[in-house]
Amino acid sequence: MSDNGCGFPAPGLESFLFKPLVTVGGFEFNKVMLLALVTTALVVGFFWAAFGKARLVPGKLQMVGEAGYDFVRRGIVYETLGKREGEKYVPLMVSLFFFVWIMNVWSVIPLAQFPVSSIIAYPAVLAAVVYVTWLVLTFKKHGFVGGFKNLTGYDKSLGAVLPLVVLIEFFSNVLVRPFTHAVRLFANMFAGHLLLVMFTVASWYLLNSYMIPAAGVSLVMTVIMIMFELFVQAVQAYVFVLLACSYVQGALAEHH
Numbered sequence: 010m011s012d013n014g015c016g017f018p019a020p021g022l023e024s025f026l027f028k029p030l031v032t033v034g035g036f037e038f039n040k041v042m043l044l045a046l047v048t049t050a051l052v053v054g055f056f057w058a059a060f061g062k063a064r065l066v067p068g069k070l071q072m073v074g075e076a077g078y079d080f081v082r083r084g085i086v087y088e089t090l091g092k093r094e095g096e097k098y099v100p101l102m103v104s105l106f107f108f109v110w111i112m113n114v115w116s117v118i119p120l121a122q123f124p125v126s127s128i129i130a131y132p133a134v135l136a137a138v139v140y141v142t143w144l145v146l147t148f149k150k151h152g153f154v155g156g157f158k159n160l161t162g163y164d165k166s167l168g169a170v171l172p173l174v175v176l177i178e179f180f181s182n183v184l185v186r187p188f189t190h191a192v193r194l195f196a197n198m199f200a201g202h203l204l205l206v207m208f209t210v211a212s213w214y215l216l217n218s219y220m221i222p223a224a225g226v227s228l229v230m231t232v233i234m235i236m237f238e239l240f241v242q243a244v245q246a247y248v249f250v251l252l253a254c255s256y257v258q259g260a261l262a263e264h265h
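FYI, in this note's numbering the residues of the sequence shown are 10 to 265.
Treat the hints loosely; a few may be bogus.
[Said to hold, decoys possible] As a list, the in silico DSS-like pairs of lysine-lysine whose alpha-carbon atoms are at most 30 Å apart:
1. K150 <-> K97
2. K92 <-> K150
3. K69 <-> K92
4. K69 <-> K97
5. K149 <-> K165
6. K28 <-> K62
7. K158 <-> K97
8. K97 <-> K28
9. K92 <-> K149
10. K28 <-> K40
11. K92 <-> K158
12. K165 <-> K150
13. K92 <-> K62
[Claimed, not checked] Here are the computed distance ranges between Cβ atoms for each label pair:
14. L167 <-> E37: 46 to 54 Å
15. A243 <-> F36: 30 to 38 Å
16. A121 <-> V170: 47 to 55 Å
17. L173 <-> K69: 43 to 51 Å
Derived from the structure by calculation, the hints contain no laboratory data. Predicted, not measured: the structure shown is a model, and the values here were computed from it. C-beta: ideal position from N, C-alpha, C; glycine also.
Use the sequences and the hints to build the structure in full.
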């Protein structure tokens, strides 16, 4: 925490830095990496337990798993790609949704209290998976020339402005798209965590001063921020997967 001169320890970038839990051969394993591994174990373990021995009459765990799976399948994948084209991509999108969501939820879990996705490396890797999938599907579906046209919006009817359109579309789709896909998730979780830390620290600071009534207001704001952050966490997982589906849809669309 940094001191701004008035005694209040305002949170800063140090809130996103963690000392290594273990160091092996120069490799540092910290809290964020641990949370990412636990996230993977939770997602894989949950769906393994829910569907490993699926029954015709589902138990409670299978019902919860089916509800979550069906939400992503029908609410995102089918709505974007259609049932026929989308079915083969459901496992990928379900995995992305729950992985992103659990990474976000750590922000409000006691002891963890940190969203993994507020570290840019994690959204970047997930966005890279989507990006590579999108490019592979584009060139597989349309071939090299058709794929290039798909990526750049090539349309000879544009006439003299065609080179400019191709350049802009190439820059937007091939270079900017994976960046914005990752940063959208990262920036929202980064800002949300910083706000939660600020209100939490402010509540504690005011409680230990003569401004106890203000501490109550700050505490109420902290609770409101936690509830709002829970909503944002789910929305960001939804948006991340919705964009992934829209990219796949664009790769499979016929170029005109």
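Each hint, compared with the structure:
1. For the suggested pair K150 and K97, the alpha carbons sit about 15 Å apart, so the restraint of at most 30 Å is met.
2. As the CA atoms of K92 and K150 are separated by approximately 18 Å, the hinted pair is consistent with the 30 Å bound.
3. Between the alpha carbons of K69 and K92 the distance comes to roughly 27 Å, so the proposed pair stays at or under 30 Å and holds.
4. The straight-line distance between the Cα atoms of K69 and K97 is roughly 26 Å, inside the 30 Å bound, and the hint therefore holds.
5. For a cut-off of 30 Å, the pair hint linking K149 to K165 stands: about 23 Å separates their Cα positions.
6. For the given pair, K28 sits about 41 Å from K62 by alpha-carbon distance, which is inconsistent with the 30 Å threshold.
7. For a cut-off of 30 Å, the pair hint linking K158 to K97 stands: about 25 Å separates their Cα positions.
8. Straight-line distance between C-alpha atoms of K97 and K28 comes to about 41 Å, which puts the hinted pair past the 30 Å bound.
9. Of the supplied pair hints, the one linking K92 and K149 holds, its CA atoms being roughly 20 Å apart against a limit of 30 Å.
10. With a CA separation close to 8 Å, the supplied pair K28 and K40 stays within the 30 Å bound.
11. This hinted pair checks out: K92 and K158 have alpha carbons roughly 26 Å apart, not beyond 30 Å.
12. Our distance criterion of 30 Å between C-alpha atoms is met by K165 and K150, whose separation comes to about 21 Å.
13. Restraint check for K92 and K62: satisfied, since their Cα atoms lie roughly 25 Å apart, inside the 30 Å limit.
14. At about 52 Å, the CB distance of L167 to E37 agrees with the hint of 46 to 54 Å.
15. A243 and F36 have their C-beta atoms about 33 Å apart, which keeps the hinted 30 to 38 Å range intact.
16. Between A121 and V170, the C-beta spacing of about 52 Å keeps the proposed range 47 to 55 Å intact.
17. In this structure, L173 and K69 break the distance hint of 43 to 51 Å, their C-beta atoms being roughly 58 Å apart.
Hints 6, 8, 17, counting from the list given before, are not met by this structure.
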